[in-house]
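Participant: So the sequence lines, in the order shown, correspond to chains V and L. Using my numbering, the first residue of the first sequence is number 1, and each one after it goes up by one. Using my numbering, the first residue of the second sequence is number 114, and each one after it goes up by one.
Please keep in mind that the hints were generated in silico from the structure rather than gathered at the bench.
Taking lysine to aspartate or glutamate pairs in the EDC-like style, the calculated list, with each CA pair at most 20 Å apart, reads:
1) V:Lys56 x V:Asp31
2) L:Lys153 x V:Glu39
3) V:Lys42 x L:Glu116
4) V:Lys42 x L:Glu157
5) L:Lys122 x L:Glu197
6) L:Lys215 x V:Glu39
7) L:Lys215 x V:Asp31
In silico negatives: residues of chain V with every beta carbon more than 10 Å from chain L:
8) Val70
9) Lys71
10) Ala79
Just so we're clear, the structure is a prediction, and the values are computed from it rather than from any experiment. All C-beta atoms, glycine included, are put in the ideal place defined by N, C-alpha and C.
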Amino acid sequence: GESVGLHLPTLSVQEGDNSIINCAYSNSASDYFIWYKQESGKGPQFIIDIRSNMDKRQGQRVTVLLNKTVKHLSLQIAATQPGDSAVYFCAETLDNYGQNFVFGPGTRLSVLP
Amino acid sequence: DTEVTQTPKHLVMGMTNKKSLKCEQHMGHRAMYWYKQKAKKPPELMFVYSYEKLSINESVPSRFSPECPNSSLLNLHLHALQPEDSALYLCASSQHGTGDEKLFFGSGTQLSVL
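Please build the complete structure, drawing on both the sequences and the hints.
Facilitator: Below, the structure is given as structure tokens:
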């Protein structure tokens with residue numbers, strides 16, 4: 001399940017299940033979005049990106065869905081593995097040059113054995 | 114080489130010290146970034162350099178001074194920091210002007226100000 005509060009939101013899933021991580025973005029004019037994975041002691045690692053002219057993009061075991069009507073982004077991870085345990089951030093660009101990235105608050109994904 | 118290298122990995126400094134954080138990339142990227150990340154929070158943009166020129170400064174206090182000596186190097190000079198400046202400082206780079214803006218991050222420098 002998912003919990004939100006004073007701490008980083010956490011999503012706990014069983015190994016092998018599918019995970020869905022959600023993100024509400026702030027600017028309806030944003031045209032480029034990225035999902036990052038950050039493991040403890042490391043910098044954010046690129047997972048997948050999507051432009052505003054698309055509503056779905058698939059990678060290896062990951063899918064990003066974009067709903068511009070409600071300014072919502074989601075990351076789906078198929079067959080979640082222990083190595084997927086990390087904090088996941090969505091990021092949007094707020095300028096035309098794609099340089100001013102703003103990150104969402106993040107979700108911690110915990111994979112249970 | 115798809116790495117962004119940051120040194121040092123850890124740094125402890127007093128409020129009167131002067132130190133520098135260093136970042137290097139050899140991907141031919143022409144945009145480089147400094148982000149600050151507090152524990153359990155997302156990265157926050159501090160500075161952006163495009164073609165070695167400062168293009169974005171997110172109202173960062175002057176005790177943080179960025180420098181981009183060339184297209185591969187980015188420094189962050191620190192002076193008279195406060196304990197609340199303790200955080201993970203992340204460097205990133207991206208291609209610029211190609212339509213591919215994804216950021217590549219280093220592992221960061223964990224800074225503690227005493």
